[in-house]
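Using the hints, put the two chains back together into the complex; each one sits in its own frame.
Top line first, the protein sequences correspond to chains A and P.
First residue of the first sequence: 0, per numbering that gives the first Met the number 0; consecutive thereafter.
First residue of the second sequence: 0, per numbering that gives the first Met the number 0; consecutive thereafter.
All clues stand as given, with none of them false.
With a straight-line Cα cutoff of 20 angstroms, these simulated SDA-like cross-link-like pairs (lysine to any residue) come out:
{"hint": "1", "chain 1": "A", "residue 1": "131", "chain 2": "P", "residue 2": "120"}
{"hint": "2", "chain 1": "A", "residue 1": "127", "chain 2": "P", "residue 2": "124"}
{"hint": "3", "chain 1": "P", "residue 1": "67", "chain 2": "A", "residue 2": "134"}
{"hint": "4", "chain 1": "P", "residue 1": "163", "chain 2": "A", "residue 2": "38"}
{"hint": "5", "chain 1": "A", "residue 1": "33", "chain 2": "P", "residue 2": "158"}
{"hint": "6", "chain 1": "A", "residue 1": "33", "chain 2": "A", "residue 2": "93"}
{"hint": "7", "chain 1": "A", "residue 1": "33", "chain 2": "P", "residue 2": "32"}
{"hint": "8", "chain 1": "P", "residue 1": "163", "chain 2": "A", "residue 2": "41"}
{"hint": "9", "chain 1": "A", "residue 1": "131", "chain 2": "P", "residue 2": "123"}
{"hint": "10", "chain 1": "A", "residue 1": "135", "chain 2": "P", "residue 2": "123"}
{"hint": "11", "chain 1": "A", "residue 1": "123", "chain 2": "A", "residue 2": "138"}
{"hint": "12", "chain 1": "A", "residue 1": "123", "chain 2": "A", "residue 2": "9"}
{"hint": "13", "chain 1": "A", "residue 1": "131", "chain 2": "P", "residue 2": "60"}
{"hint": "14", "chain 1": "A", "residue 1": "131", "chain 2": "P", "residue 2": "62"}
{"hint": "15", "chain 1": "A", "residue 1": "135", "chain 2": "P", "residue 2": "60"}
{"hint": "16", "chain 1": "A", "residue 1": "131", "chain 2": "P", "residue 2": "121"}
{"hint": "17", "chain 1": "A", "residue 1": "131", "chain 2": "P", "residue 2": "59"}
{"hint": "18", "chain 1": "A", "residue 1": "131", "chain 2": "P", "residue 2": "58"}
{"hint": "19", "chain 1": "P", "residue 1": "186", "chain 2": "P", "residue 2": "123"}
{"hint": "20", "chain 1": "A", "residue 1": "131", "chain 2": "P", "residue 2": "57"}
{"hint": "21", "chain 1": "A", "residue 1": "127", "chain 2": "A", "residue 2": "9"}
{"hint": "22", "chain 1": "A", "residue 1": "135", "chain 2": "P", "residue 2": "120"}
{"hint": "23", "chain 1": "A", "residue 1": "127", "chain 2": "A", "residue 2": "139"}
{"hint": "24", "chain 1": "P", "residue 1": "67", "chain 2": "A", "residue 2": "132"}
{"hint": "25", "chain 1": "A", "residue 1": "131", "chain 2": "P", "residue 2": "116"}
{"hint": "26", "chain 1": "A", "residue 1": "135", "chain 2": "P", "residue 2": "63"}
{"hint": "27", "chain 1": "A", "residue 1": "2", "chain 2": "A", "residue 2": "141"}
{"hint": "28", "chain 1": "A", "residue 1": "135", "chain 2": "P", "residue 2": "64"}
{"hint": "29", "chain 1": "A", "residue 1": "33", "chain 2": "A", "residue 2": "96"}
{"hint": "30", "chain 1": "A", "residue 1": "131", "chain 2": "P", "residue 2": "67"}
{"hint": "31", "chain 1": "A", "residue 1": "135", "chain 2": "P", "residue 2": "67"}
{"hint": "32", "chain 1": "A", "residue 1": "135", "chain 2": "P", "residue 2": "110"}
Derived list of chain P stretches under chain A, where covered just means 3 residues or more per stretch with a C-beta under 8 angstroms from a C-beta of chain A:
{"hint": "33", "segment": "33-42"}
{"hint": "34", "segment": "51-60"}
These are calculated hints, taken from the structure and not from any lab test.
Using N, Cα and C, we set each Cβ at its ideal position, and we do this for glycine too.
Letter by letter, the chains look like this.
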Amino acid sequence: MIKLRLNNLLFSDVAMMATVGLMLPILPIYLIEKIPDANIQNITFAYSLYFISAVIFYWIYSAFLQHKKPWLRKQLGLIAGSLIIAAAPLGYITSQSMESIFLVQLIFGMGMGFFKASWRVVIKDIIKPDNKTFQKIHQLVVVLALAIAATIGGYIAYIFGYTILIQTMIYIALIGTILNLLSFHINPKK
Amino acid sequence: MFMGQWLRLLLEGEFIYITAIGLIAPIFSIFLRDTIFDATLLTIGIAEGIFLLTLAILRPFTQLTTQKDAKGWRTQHFFWYGGLLVVLVPFLYLLARDMIDIYVIQMLYGLGIAFCEPAWIRMTDLTCKIRTSTNWEQFNTVGTLLAAGMAALAGYVAHNYGIKPLFIFIGTMLAFTIIGMNAIYYKLCLYQVKK
Numbered sequence: 000m001i002k003l004r005l006n007n008l009l010f011s012d013v014a015m016m017a018t019v020g021l022m023l024p025i026l027p028i029y030l031i032e033k034i035p036d037a038n039i040q041n042i043t044f045a046y047s048l049y050f051i052s053a054v055i056f057y058w059i060y061s062a063f064l065q066h067k068k069p070w071l072r073k074q075l076g077l078i079a080g081s082l083i084i085a086a087a088p089l090g091y092i093t094s095q096s097m098e099s100i101f102l103v104q105l106i107f108g109m110g111m112g113f114f115k116a117s118w119r120v121v122i123k124d125i126i127k128p129d130n131k132t133f134q135k136i137h138q139l140v141v142v143l144a145l146a147i148a149a150t151i152g153g154y155i156a157y158i159f160g161y162t163i164l165i166q167t168m169i170y171i172a173l174i175g176t177i178l179n180l181l182s183f184h185i186n187p188k189k
Numbered sequence: 000m001f002m003g004q005w006l007r008l009l010l011e012g013e014f015i016y017i018t019a020i021g022l023i024a025p026i027f028s029i030f031l032r033d034t035i036f037d038a039t040l041l042t043i044g045i046a047e048g049i050f051l052l053t054l055a056i057l058r059p060f061t062q063l064t065t066q067k068d069a070k071g072w073r074t075q076h077f078f079w080y081g082g083l084l085v086v087l088v089p090f091l092y093l094l095a096r097d098m099i100d101i102y103v104i105q106m107l108y109g110l111g112i113a114f115c116e117p118a119w120i121r122m123t124d125l126t127c128k129i130r131t132s133t134n135w136e137q138f139n140t141v142g143t144l145l146a147a148g149m150a151a152l153a154g155y156v157a158h159n160y161g162i163k164p165l166f167i168f169i170g171t172m173l174a175f176t177i178i179g180m181n182a183i184y185y186k187l188c189l190y191q192v193k194k
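With the rest of the complex left out, here is chain P (with noise of 0.2 angstroms):
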């Protein structure tokens, strides 16, 4: 029952995040167009590459990194500096004045979830194996269509309040988010092990 309860808190929790990610992608490109004065079609994509560019170098170190670590406390670690660097990403886009600073701050990005990712997929192989009924693939499903969804209500709120206030949104969901996966992280993948 108490096991249920946590795995239930990481889902929700693993969900709220996929939304925020969901609620920022598709708006990202016209964001970039209506308050960065020199972004192009050419450095908007630049932009994009160098995410995915940085979660591809890295994600095998981190990967590597957290392979052999028994205990998870070092997983932890990653996780609290990875988390750290995704809730500032909203607020440094706003913060943000040319293109350089968004390739800074997509740099970080990439950064921030190539270092949490250890951690959800430790969590995630964990709840498949407690729960049996779930597996990967029910996971990629519900988050691809929240994700779907929440792009939908973005394009809602950013075309009724403007895409600032979403931005802040974003931030403060994911600051929440954050903050209450690194507990269930604690109680889930941490307290077993010192139990």
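Extracted from the complex, chain A is given alone in its bound form (with noise of 0.2 angstroms):
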């Protein structure tokens, strides 16, 4: 049972970084083709506003944990952050101008920071925190997922168009959401 939910986290953490790789590679270019108000200063803006994004709500999301039934937020954290992540590419297709991109950027990051800080401490729960077998095999599955979906995302993006690679990073991020309702685990006594 625990070997099934350390499976499950393991590869919902691998969803919700394919489908960001399938998409930051090329997404300056995306940014040039389809906002009439899109340069390299603005596009560069929008890049590191998902990363500061995504390390604020790390850390607030990780504070918030340690209050009242963490097990329940915890939970809760990781299923709402990959919803977040599965719904922030929709902002992608819909918006009009640089604004707009910047204010997807940052929902994308509090997703991924909500993602991240919940994923952290269920996986603190699982398994010891020196356990460095888990860790080699989380590395190496993530970067390899990153390289792989890097790929796929600039193949799809040329022969099918950005709204089917929009399509294939809201499905990986739902496979991803779907597995950690998976691990879901009522434990109140932690």
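Below is the structure:
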């Protein structure tokens, strides 16, 4: 049972990273092609907004997890984070200006912050913090997923277009959400 | 006091490195689209994939090789060669003519990072051990924020002065950083062992 939860969580993280990895390398080109007021300066700002938002919300949610009913908060954080990540790519399709892209990047980062903060705590409950084997497997699998996602993302955008790419991102994030739901575990004692 | 100064330098060196990487990442695809004639969305994705795949394949081997390196000399050799490759990358981008060149450069970049990583991990572990108030999460947080800030700065520089001067600046900055970090590695990890 624990192994199954661990696998679900590992692959949910892989799914979330793959969602980001599909679009991230070609995001600047997408913005230049689709958004009228995009230039290098505001594209790089949008790019960095995602990371800033992810870090800030990671720490905010980490602090939030330390209060009452952490077992519920961390599992809800996982699901809420992955749902936000699944919904955020829709913003890329609907955005017509760089201001709305900034907002999408902020929301994307918020989802990732919630997800990562909860994921880290849930994993700590299941395995010992000094479990090097899991850490190494996780590190390897995530980098491999990012590598494959970058290539597949480029392929999908080139052959089928950006709309299909964004749909793929949403489906992968939803698979990650389902895996998170499967790993939901009621444990009020912790 | 002596150790504190080296640690501060180490942190600054590492952050300058992250800064340089943060400067390249967001404009890399635009650079390829503007300068390489056969760059498409597909080939840009493949280029990014090659870098990450090389890193994923080599990382376990470099970590395994340096795991039992108690004195740290082997790790330093990895750091020299890896650092050299990383410094060369921004200049090689400027010399690239087609996507095959870019793929090879991406492979070298992955190789360089995989070779440098054991030394960074060793130095960061040591820093966390000496300064208990510092931990890996703080390193990651500050590093990510700095990279994000630098990505925005890169956009400003590229927009106003062009991408090529930016790459030359990044290469020069990386060269100084890697030399400095090698010196710090020597003082922090090897000098202590010798003593």
